[in-house]
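*Asks:* Below, each chain spelled out in residue letters.
There are 4 protein chains.
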Amino acid sequence: MTQTPPPAAPKIPRDKADDYTAEAASARRAFVQAQTGSALEHVGQYSFGPGVLPGNIENFIGVAQVPIGLAGPLRIRGEHANGDFYIPMATTEGTLVASYNRGMRLLSEHGGVKCTVVDDHMQRSPVFMFEDALAARGFGEWVSAHHAEIAAAAEATTRIGKLKVIGQYAVGNLRYLRFNYATGDAAGQNMVGKATLAACQWIQANHPLHPNFLLSGNIDTDKKHSQINTLNTRGKRVIAEITLKDSILKPLMGVTGQQLFHARQISQAGAFIAGSANNAAHAANGITALFIACGQDVANVAESHAATTYCQLLDNGDYYWSITLTSLICATYGGGTGLATQRECLEMLGCYGRGGALKFAEICAGVVLAGETSLSSAILAGDWVSSHDQLGRNRP
Amino acid sequence: MTQTPPPAAPKIPRDKADDYTAEAASARRAFVQAQTGSALEHVGQYSFGPGVLPGNIENFIGVAQVPIGLAGPLRIRGEHANGDFYIPMATTEGTLVASYNRGMRLLSEHGGVKCTVVDDHMQRSPVFMFEDALAARGFGEWVSAHHAEIAAAAEATTRIGKLKVIGQYAVGNLRYLRFNYATGDAAGQNMVGKATLAACQWIQANHPLHPNFLLSGNIDTDKKHSQINTLNTRGKRVIAEITLKDSILKPLMGVTGQQLFHARQISQAGAFIAGSANNAAHAANGITALFIACGQDVANVAESHAATTYCQLLDNGDYYWSITLTSLICATYGGGTGLATQRECLEMLGCYGRGGALKFAEICAGVVLAGETSLSSAILAGDWVSSHDQLGRNRP
Amino acid sequence: MTQTPPPAAPKIPRDKADDYTAEAASARRAFVQAQTGSALEHVGQYSFGPGVLPGNIENFIGVAQVPIGLAGPLRIRGEHANGDFYIPMATTEGTLVASYNRGMRLLSEHGGVKCTVVDDHMQRSPVFMFEDALAARGFGEWVSAHHAEIAAAAEATTRIGKLKVIGQYAVGNLRYLRFNYATGDAAGQNMVGKATLAACQWIQANHPLHPNFLLSGNIDTDKKHSQINTLNTRGKRVIAEITLKDSILKPLMGVTGQQLFHARQISQAGAFIAGSANNAAHAANGITALFIACGQDVANVAESHAATTYCQLLDNGDYYWSITLTSLICATYGGGTGLATQRECLEMLGCYGRGGALKFAEICAGVVLAGETSLSSAILAGDWVSSHDQLGRNRP
Amino acid sequence: MTQTPPPAAPKIPRDKADDYTAEAASARRAFVQAQTGSALEHVGQYSFGPGVLPGNIENFIGVAQVPIGLAGPLRIRGEHANGDFYIPMATTEGTLVASYNRGMRLLSEHGGVKCTVVDDHMQRSPVFMFEDALAARGFGEWVSAHHAEIAAAAEATTRIGKLKVIGQYAVGNLRYLRFNYATGDAAGQNMVGKATLAACQWIQANHPLHPNFLLSGNIDTDKKHSQINTLNTRGKRVIAEITLKDSILKPLMGVTGQQLFHARQISQAGAFIAGSANNAAHAANGITALFIACGQDVANVAESHAATTYCQLLDNGDYYWSITLTSLICATYGGGTGLATQRECLEMLGCYGRGGALKFAEICAGVVLAGETSLSSAILAGDWVSSHDQLGRNRP
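Residue numbers (this note's numbering), protein chains in the order written: chain A, 112 to 507; chain B, 112 to 507; chain C, 112 to 507; chain D, 112 to 507.
Source of the hints: derived by calculation from the structure; they are not laboratory data. Hints may contain errors.
Chain copies aren't distinguished; within one or between two, either way the pair holds.
The calculated BS3-like cross-link candidates involving lysine-lysine, where the alpha carbons are at most 30 angstroms apart (straight line), are [to be verified]: (1) Lys122 x Lys273; (2) Lys122 x Lys361; (3) Lys122 x Lys356; (4) Lys273 x Lys127; (5) Lys275 x Lys361; (6) Lys361 x Lys127; (7) Lys356 x Lys275; (8) Lys273 x Lys356; (9) Lys275 x Lys127; (10) Lys275 x Lys122; (11) Lys361 x Lys273.
Note that the coordinates shown come from a computational prediction; the quantities given were computed from them, not determined experimentally.
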């Protein structure tokens, strides 16, 4: 530490005139090669013009080429997604597409998976600071009494966002608010940030105490799992359901509903003692593969992978299986949805653009349940390891 | 529902001779176009031969092209990563690269971020079933007494994996075991699955009760956040640390250490009441962007985004800031690490292949802390929304 | 197991004419002596007539005599509790009363602890079952639209309880409802059980699907800690606050605000990784001692001990310390509040009967904060163990 | 606030010569009467000499008389508790004793409840502070290498306590240690505090960096529920099991095993989304009633009420029901166990003194399962509210 540190490394080159060009990207790749020796030959091969990228990336150098596998058909019986779907899944994990594909066949042969969006809102959660808890409580009452004006201030910033509910949470001399918005077909994190800032500024100007605030008090809870999401939803709350019959299940999966139900008790108890965000198997796999393919904000896997499975063995021996994704964040407009490959994948699902978000959410849920049935059966039937051995050949 | 359901949709074509060819992929894209009308023109443009893909994908149709932005240099002072790094970040979220870039400058101007891997193991968690809790307890003692034989059975399946510790958790007449392995430079989920299966089969054959087991009792906890990961680590536990000086911090970020510390109290309380997996800001953003670029199993963002921030304002006014990633799952060998763009990105970090995993983990932690400092400062300084407005132009 | 089991042990005697008499109690003690050899001499010494006990106990045999220590005075500046209070604490743990007493002195010398009840409702959470998630969602909308009728049905069963909010939580084909009631000065668990049963019966009769329900779906969450309580309150949400000055703190406790704040960062990080219900020290101690003395339902310590501490070191060096009890369940009417010693203890606090519950809640919070300051200081100053050694003499 | 505050209230009188006398207690009651008007007539009636109280209470004024009801017989088939037990339950909640009594009959008629202690240790969790994470990691390795010396230092302070395992948890530049001790028949919180202080002092003196430490870093987690307790046990981990037959269950409880299993799925899902410490019903009720009667540290209900239920419907229709108490803290020696009524209640269970703790733990678990079967059945059969209406007559 007492030595003179080495001089700072060179800055990344930028083109002040127009940084979103193939030339600027190429210049940066050359810079990387000069600095690191890595040529970025494949990274530099992309099929679209960088001029579309403002709003999506800075210091563009090229692309990650993530392999997409095709799964399906998956028959979905939702309110928005209704029919047979072929699913693009971007992943580098062998077996994943094959396993989901198997589950999709199972669900489809039962006539399709029911998918239902039961709640839908995006949050920003500012926090206001007061002299003491009494003042903070009074503030909370004032907020409730001024909901209409606050909503007007928030909604003035957006054509689409609508403020629905403001949750309130008291800690010490703080008042955390959780603004819940309908955001249409956008995921809406930025939309609600801007709207909530305007609302907070209106509050600060109009409340007699002109209280200080932070735009996020960390209960949004942006880019991380939380129990508040499990309870109160972040993004979409969407449920996939199937009632499995042994006559179809047994030949395809080698297990019965009763065996699955038995194992379910064990995995639920495990999830409970582990303090798990999800008492099911591997929702993150299907969601991530769909998210990468379809231009979603993939970091939202942090929130979106949370789920609760609820099952019952029916009197006739059929097996009711549901999974509730409590905080699925997805969009069919804005963000990365309009980029070249991403838009194509949304289009093959019939989900691109306005009006697609609820349909896409239903597809996500159906895909997740397909993956649950396949992996849970594999663990039980004993072919989990052998299938990875066969399809995951390049592993150590 | 009483109507005759529509006939099943056609099956996805496969080439039985060799399915990993450009022709097979093209045939599937044509199939998608015929079924859905979506041409997949861009998806079909990739720069590598599909023959490398077995073990990574099934039913290959092409690639998702995810834009990569370049951030840095980030000066890291780790045991394995030591020097200035340029960071490839694959994302479609505007502002993200710029924001991390700003944080990297802050850390670098302080002489670099200290990064340390403090723990490292991958899990598989079988569960054994007994007549009653007494028998299960006896089994637990037997497992402890036979650790060497169990380890030998497990390690016979792998050149790399080493069984370190078997955790035991008792519930009812069940005994959950949590096998913890060193897995070298692979993430190791499949490796430990195979090894644990062998261990369980040895146990079943040799324990006097020949107990039934499931290979996963769901406390692994694969592809999901859990408190057991926060406590006991999954993958790498890696810590990034910086001691910020106001003389550097204030000009760059517009805030002081004291202000950050004040806000930290509020965001920690928020995270606590929310039951959050992470009491910091947005670790998932940096991790996901690195994971997509570098061929990681991106679904592991579910586990990897968990973190604990711990900070202190020092007597001299400097601000000590640490973030502990408790379950970072990463690899520089196997999985998607060898694919075309992914390998290039690992190579520009000097992390590709054997010996790179701990270095890559340190880089991940440093990147995360850079993003934490930038976003936390922006929320406080009030330029969070305005920067998204400027750099996230295509949003509604 | 194959042996014939021993015959059943004799039944406990009951007096069918009037079981709440000294004679019936005596007969049962004699029975215990005959069966076990234990004379229950002290258990049989109580100072009230058993005729008051219906509604509180069955098979009465006598009393547990739990020592009460006196602490205080504690100066409280609340909305309902305002002045100096002497606190009865029933415990068998040496040091506890002395330690709380020390904290009370600290708070009082600062002019008193501010205490504020910021929320107040008791829950019962039935769950309704449906064919699928879509039907359950429709039911949820129906419940929202029929709130007034549902409230009327619920409130017809009680003179005091008022239905405020019905939370809704969707999982699979289930709809969990969480009825939140104002319950006056009673804790209200039975009141809200009865009211919610009536509401559910009205719903079942009037909803077109006549859905089945369970009166509790386990998200009440009765007699157990939960994150939903931390977020949404169960019973009273009450906050105690103090701003400590080193000039008073240092002589009394041997520590400074800055030292306490430093240690707070460490204990908060610990609580976070541990997944703790409370990121403070030992709220359960003070609450339990008050609850036993004052005739509360002591099992509610399970819920009531949850708390969140939030602190700041102010610019002038003073130390703001708050604790938020998120689910304090207490009563001054009904339950055990009217029994002999219990009523006396409530009366010495001026809390017995109608109108006392909010005052009692404020006292609980003030007492808890007193205990927090004392124990936290002791851990830091190093006299934690020595004081227990001195005052906990009978221990091994 | 700008007014002159009222003068401080008078101090509680103490007798410097001998404060543990009836006279000193009487003087304090007179003081309370003078200050508050409350005569404490019943509080002053106790049947033992105050000379036994040092180590249990300070500023003694008398006792809380908590009614005890008798339940049972409960047939237990444990390793330590084996036979029929009559259970003293101290509570003021009507219906509680009757309900547990009903459950005890159910379990007894099945031949008794199996109870097994599967783990047993008490914790103190110091935290050591370092320059950076690297130094903290090195310290962790040093601690592992010096386990024997550390244990010797700890055990030199106690005749009974034995240091078993030191868990390690890394956060930033901190190293949290969790010392786990066997503590014989004492609960042991003070014992392990003293022993761990000695161990920390030995570490501080002998480690080259002579690091600072806090005796508790809040992951003990003393007097509060935590997930670390659920996973790693605090106090006793004890399991109660029963296999119910419809032929006995249906006549007594009005429900079948299949119905209970169906409802169990619903209450488990509820507990999971609520983030509950316990996915069963009301363990806190039985534990608290036993704890008050038997001289336990009742504040430990905070930790002790955590539980995990695991059930299966067997092929023959029988219903396997287990509950695992993960952090039951109990003692039969030290603390309040030797006081007048408390000792009598322990004696009627055959648990007083040395050698009783495991037996008492088994009894606690058996009692809890009895209460679970009764309440769960009542919710299902619809007589939950009506029984409270009948037995809880004094309520509003």
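*Asks:* None of the hints should be skipped; say for each whether it holds.
*Replies:* Tested hints:
1. Lys122 x Lys273: neither (42 angstroms within a copy, 42 angstroms between copies)
2. Lys122 x Lys361: This pair counts as between: shortest inter-copy Cα distance 21 angstroms, intra-copy 61 angstroms.
3. Lys122 x Lys356: Intra 62 angstroms, inter 22 angstroms, cutoff 30 angstroms: inter-copy only.
4. Lys273 x Lys127: neither (38 angstroms within a copy, 52 angstroms between copies)
5. Lys275 x Lys361: neither (46 angstroms within a copy, 38 angstroms between copies)
6. Lys361 x Lys127: So lysine 361 and lysine 127 pass the 30 angstroms test across copies only (26 angstroms; inside, 63 angstroms).
7. Lys356 x Lys275: Cα proximity of lysine 356 and lysine 275: none, with 41 angstroms in one copy and 42 angstroms across.
8. Lys273 x Lys356: Neither: 43 angstroms inside a chain and 42 angstroms across chains, both beyond 30 angstroms.
9. Lys275 x Lys127: Neither way: lysine 275 and lysine 127 sit 42 angstroms apart in one copy and 54 angstroms across, limit 30 angstroms.
10. Lys275 x Lys122: neither (45 angstroms within a copy, 44 angstroms between copies)
11. Lys361 x Lys273: neither (48 angstroms within a copy, 37 angstroms between copies)
Hint compliance for this structure: hints 1, 4, 5, 7, 8, 9, 10 and 11 are not met, and every other hint is.
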